[in-house]
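Student: Sequence:
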Amino acid sequence: MNENYILALETATNVCSVCLANGDFPLVEHTIYIPNSVDQMLAQIAKRILDDVYLTFDRLFAVAVSSGPGSFTGLRIGAAFAKGLCFDGKTKLVPVPTLSAMAYACLELAQVVDAERIVVVLHSHKDIYYFQFFDTEGKETTQVNLCTIDELREVVKDNDFLYSPSTVDIQRVKKLDKTNLLTAKHIAQLGWKLFTVGTTVDPAEFVPSYHQQFTPKLKGK
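The opening position of the sequence shown corresponds to residue 224 in my numbering, with each subsequent residue numbered one higher.
Source of the hints: derived by calculation from the structure; they are not laboratory data.
Treat each hint with caution, since some may be false.
In silico DSSO-like cross-links for lysine-lysine, where the CA-CA straight-line distance does not exceed 27 Å [to be verified]:
id : residue 1 : residue 2
1  : Lys380    : Lys398
2  : Lys380    : Lys349
3  : Lys401    : Lys362
4  : Lys362    : Lys315
5  : Lys270    : Lys315
6  : Lys397    : Lys362
7  : Lys380    : Lys362
8  : Lys362    : Lys416
9  : Lys380    : Lys401
10 : Lys306    : Lys416
11 : Lys397    : Lys380
12 : Lys397    : Lys349
13 : Lys270    : Lys416
14 : Lys401    : Lys349
15 : Lys398    : Lys362
16 : Lys416    : Lys313
17 : Lys270    : Lys306
18 : Lys349    : Lys398
Values in this document were obtained by computation on a predicted structure and should not be read as measured data.
Let the hints inform the model, and build the full structure from the sequences given.
Tutor: Shown next, in the form of structure tokens:
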């Protein structure tokens, strides 16, 4: 068996998820569905997964990381950890756009309900959401945009499949909301596809795709 081990990290949403795959075949995945657990658990989970299969970090062929948009804190932690694993220059770093991975995670559902398009919606802050349209093969058809739910109602169609981990109050579309399907398994599988077409970056230059300016929260505010 070829040893194309890829470690995938999902930290952009409200989970802390790590998957080890050989090529596009997932071997081990560990996901914690507890918000704000990334800083404490990411490194521990990654180490535990490799220990379970008697591998060390130097056996990794590539690291795929959810690259945004999403949680600013989660993206920074995931990016820093991935860059550290790839800094030797031998392990390749593969950034995986978060909304693309979300679309990839719901492809089968969208096809089953015979949807015309997939629209992925991810909460940003207050009443603002990221969204992006894809065809039912998972190919993006628009750029990432920011909007309110009222604005989103103006652009979705009845036969769209809307997927979001948050509650999205749009009734006329086919949808799955309040459910986070995205885990590191999808980052690994899409990451391997991206790797095979040469989508890697220099770890020293990698910056997550925040899609808006980061404003730190002040304690007591």
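Student: Sort out which numbered hints this structure fails and list those numbers smallest first.
Tutor: none
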